[in-house]
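A.B. asks: Below, each chain spelled out in residue letters.
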Amino acid sequence: MSDLHFKTITELAAMLAAGETTSVAITQAVIDRTAAVDDKVKAFLSSDADDALAQAKASDERRAAGKAIGPLDGIPIGIKDTLAVKDQPLRCASKMLENYVSPFDATCIVKLREAGAVIWGRLNMDEFAMGSSTENSAYHTTCNPWDLETIPGGSSGGSAAAMAAGEAIATLGTDTGGSIRQPAALCGVVGMKPTYGLISRYGLVAFASSLDQVGPFARTVEDAALLMQAMLGKDPLDSTSIEQPEAPDYAAALKEKKGPWKLGVPAEFFGEGIDPEVKANIEKAIDWYKSQGCEIVNISLPHSELAVPVYYIVATAEASSNLARFDGVRYTHRSEESKDAMTLFTKSRGEGFGDEVKRRIILGTYVLSSGYYDAYYLRAQKVRRLILSDFEKAFEQVDAILTPTSPTPAFKRGERADDPLAMYLSDIYTISVNLAGLPAISIPSGFTESGLPIGLQVIGKAFGEADMFAVANAFEKAHDYAQQTPKL
Amino acid sequence: MNYEAVIGLEIHVQVKTRTKMFTAAPYEYGAAPNTLTDAVVLGLPGTLPVLNHAAIEKCAKLGLMLGCEIAEECKWDRKNYFYPDSPKNYQLTQNEQPLCIGGKVEIELPGPSRNVEGEHRWVILNRIHLEEDPGKLTHEAFETVIDFNRAGVPLAEIVTEPDMSSSTEAVAFLNCLRNIIIYAGISDCDMEKGQMRCDANVSIRPVGSDKLGTRTEMKNLNSMSNVKASIEYEIQRQTEILEDGGNITQETRRWDVDKGISFSLRSKEEAHDYRYFPDPDLMPVQMDRARVAELEAELPERPLDKQRRYQKDLELPFTITSVLCQDRELSEFFEAALETHNAPKAIANYITNDLLRELSAVSEHGESAHSVSQSKLTPAHIGTLAKIIDEGVISKQIGKEVFTEMFATGDMPDVIVEKKGLEQSNDTGEIEALCREAIAGNAKAVGQYKEGNEKALNALKGPVMKATKGKANPAMLDELLKKLIDEG
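First to last, the protein sequences are chains Y and F.
The letter at position 190 of the first sequence is residue 512 when you use this note's numbering, and the numbering goes up by one with no holes.
The letter at position 93 of the second sequence is residue 94 when you use this note's numbering, and the numbering goes up by one with no holes.
Next comes chain Y alone, as it looks inside the complex (with noise of 0.2 Å):
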C-alpha cells in the first residue's frame, strides 16, 4: 500500500474498482502523508481528517452497497482557501475572514460531491487571491516542495505545492491572471484553467469576476479532464457559466485525438525577461512536437505586451469593488476602535486587509474615480478586446498555442516580496489568456540544472479543451517530468 498519496486518480480508480484499496486508505495515507510533511511544506490552512475519512467510510459503503458513482468516487480532493465548502472555515488566507465559515458549498464543489470525491482541508494562498507566491497569505507562507527555500508560485501555491508533496490526489484552485497555471509549473504538477464560463464561479469568493475561474490541478492531464468534466456546465446560480451546445467528452478526446497539429509559437512569449533555462527547456518541448509531425507555426499576439497593465486595471477595478462587502459590519472582522459607521469601516479594513490588498483596492477605486474612468477602465476594456481579437487571428490558423508558463523558475522567499512590478511579471505569460477568457493548462516540461521545475503553458481555443487537453497528453506520455517527486 506505499505510496498511495502519489498515484494518479485514475490508477487509485482501477484499484478501487478492483478491490484493491479503499477510499478510507486512500485518505488516510493522504492524510498521514500530509501529518509528516506539511510542517516543511504549509500546504494547508486546516484540515478535517475526521470530515474526510467520514467521506471516504460513505464512498467504501457506496462501493460495497454497488453503487459506486464513478472514477471520482473515494479520492481526497484539497480545495483553495478560496472556494466555498459548508460548515468549513473560508478565510480567502485573510484576517478579514478569520472566524467566518461557509453556510453553503460552492457549485463545484456540489458537483465534486455528487461525483462521489472527498473534499479534503484548506489550501493555503496569496490573500483574495492576489499574488504570485502565496507569500501574501495573512497566516503563512508556503514553501515550493522542490526546494523549500523557493515560493510554490501563486496564488493558488497551496493548491500546487499540495500535489507536489503528495498531500492530495487532485486539488482545486482559482486563476484570475494565471494562479493555478503559474504554481502548477513552479511544482512540477498538472494546472489547468477552464474557459470563462465553463465552470460555475458560485461559491467562490470573487476577485475579479470577468477574469476568474475555478481549476484543476493533477498529476496527470488526464486525472485533470477527469476533474473538468465533472465539474463544468451551466448553473443556474452564475449567470456568466455557459451550456455548450454539445456536451464534451474529454475521456474520448484524449482516446480519440492523436493530432498532428497545427501549433502557434508567439514571438513576444520569449523576448525579454525570460530565464535562458525555462527557454531552451520550452524550445525543447516545441521541438519534440515537430518531431512528432506537427506544424509549427510562427504566430504573433502584438497586443500581449499590453495584457499585464490592462489586467491591473481591470483586476483591480473589480476587487476595489468585490472586496467592499468586507467592512466590518457582519461576518468579518471588526475593529475595536470603531466609533461610527465610517471608522467601523475604515479601521476593520485597514486592520483586516494586508498590504498587497489594500494597493489592489486603492488601484482599483482610483481607475474607476469620476474623470478617470474612460482613460483607464474603458480604455483597458478596449484593449482587451483587441488581446482576444489577437487570438483569434492566431486560432484561424492553428489548433493550440504553445508558451512557457512562467518567465522564471521558483524564485526565493522574500526576493520579489518588496517589489510589486517584478511580482505581477510573474504572470506575464499567463494573463492574457485570462483576458481573452480562453483555456490554458500548465504540464510539467522538465527542471532547472538546480532541479527546479519548469512548465509548459498549452492554451486552447474558447471551448476548445478537447483539444487542449489531447495535446498537452501527447507531451505527457512520451516524458517522464509528471512522475518525477520531490524529496522531502
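Where hints are given, some of them may not hold.
To be verified - Calculated pairs, EDC-like style, for lysine to aspartate or glutamate (alpha carbon to alpha carbon, straight line, at most 16 Å):
| # | chain 1 | residue 1 | chain 2 | residue 2 |
| --- | --- | --- | --- | --- |
| 1 | Y | Lys661 | F | Glu144 |
| 2 | F | Lys105 | F | Asp164 |
| 3 | F | Lys76 | F | Glu233 |
| 4 | Y | Lys734 | Y | Glu471 |
| 5 | Y | Lys417 | Y | Glu658 |
| 6 | Y | Lys408 | F | Asp39 |
Derived by calculation from the structure, the hints in this document are not laboratory data.
Chain F: place on chain Y using the hints.
C.D. replies: Showing chain F alone in chain Y's frame:
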C-alpha cells in the same frame, strides 16, 4: 423679482414580485426582521446575483403604460458606496442602459372645486430603470440596527424631466402615476410601507427665464403631504436667498417631517463618487420584441383614458367618473355589471353612492378599509337590481331597500324581492281606489295641479305609496292620478 419653480422628481417604486431582484428569497412587508434573506441577499462571500425576469417584465410593462421606449438591451452597473444598509457596499442598478427610455404621464390638476374637473397636462419622463432596494437602518438610542428583509427587493426608479412648476403639480403627478402603477398591478404604492418613495429636485428662476437655476435635491419624502410641504418650503427658502442677493448651493437636503424644515445633508463637493462600472456578474438583458408587443397588448386602460371614455361614451359626469376611475377594481366591477344590464348611469350611481357608502360604513366599524372585492356583492347583483327596476318589477324606492338587504346578505335582488314580497303592485283596481281616496282628501293639491303645478301630484302620490308600502308602480300611479283628476 418674480420667480418660478422648476421641479423634477425621482420616484422609487417597489415592484411587486414573488421573489427578490437577484435571488429566490421571498419578500413581503412586515415580516420579522432579517427573516426574508438568503446568502445572496446578505452578500455572503462567493454568492452571485441571478436576474428575476418577472421584475424585468413588470418594469417593461410600467414603461409601456407610461409611453416609454423599451430598450433593445439593458445592462447592469454597480453603484459603489459604503453604507451599512448595503450588504455588498454596492448597488446593482442600470446607469448606462436603462430598461425604459423617455415616456410621459398625463396628470389631472385639481379643479376649482371638488366636483369640477381640473386641467390636464403631460409630464415628461427621462427614464425608468431597475435596481435593488437596500436594507433598512433603524437608529436606536445607543446603536443602529439593520433589517435586510427589504434588501434586494426590485425597485423601479422613475425619473422625470424638470417639468413641473409647483407642489400642486408634483402631487398631482404622483397621484396619477400611483394610479397608473396600481392599475397595472406593478406595485401597491403604499407610501407608508415604503413601496413608493420620492426625491424632489427643486430650483427657481426669474419668471420668463429659460435658464435653469441651481437645484437642490430633497431626499426621503415618504408621503404626499411631505412632498407638498417640502417643495413649498424649498421654493420659499430659495426665493428668500435670492431676494437677499445670495446664491443657491447645489446640495442634497433632507426633509425633517417633525419640524417641517429641511437641512443640508451634503454639498456637491461632498457628493459620493459612485464609481459606476458594468457589473461583471450579470449578462446584458436582450428584450424580446415579440414579448414586449405581447405585454403591450395586455396593458390595462390608463385611468384618465378610462375617465375620458366614460364621460364621452357613457355620458357619465365627472363627479361619478372621478370616483369610478380612481380604482381599477371599482371600474372593472362597474364594467362587469354593465354586462348584466347596460344602464351605465343607474349602475354607476349604485356603485359610487350606495356601494361605497355601505363599504365605508362597514370599514368604520371593522376599522380596515373594505374594497369591493371584500363585499358580498358581485357585479351581477348591481346589474340585476338596475335591471328589475328598469323592467318595472320594483320601484327605485324599493330598490334602496333591496340594496341594503343584498349588501348585508349577499342574496340576489330578485330573490330578495320574491322572499319579501316587494314586487311592485300593478293592480289598477286597488290603486285606483286609493287614488280616488287621495284626490278626495286633498282638494288643495288637486287645485294646484289643475292650475298647472305638476309637483302638486306628489302630495297625492304620498298617501297611495304609504298605503301600498311603496309597491305601487310610480309611473302607473302618475298616469292614473292625472287621468282621474282630468276626468273628475
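A.B. asks: Evaluate each hint against the coordinates.
C.D. replies: Each hint, compared with the structure:
The hinted pair formed by lysine 661/Y and glutamate 144/F meets the criterion: a straight-line CA distance of about 11 Å does not exceed 16 Å. Note on lysine 105/F and aspartate 164/F: the hinted pairing holds, with a Cα-Cα distance of about 10 Å set against a maximum of 16 Å. Proposed proximity of lysine 76/F and glutamate 233/F is contradicted: the alpha carbons are some 37 Å apart, above 16 Å. Our distance criterion of 16 Å between C-alpha atoms is met by lysine 734/Y and glutamate 471/Y, whose separation comes to about 6 Å.
Distance hint between lysine 417/Y and glutamate 658/Y is fulfilled; the C-alpha atoms sit about 14 Å from each other, no more than 16 Å. Taking the CA atoms of lysine 408/Y and aspartate 39/F, the gap is about 15 Å. The hint holds against a cut of 16 Å.
Hint violations for this structure: number 3 only, all remaining hints satisfied.
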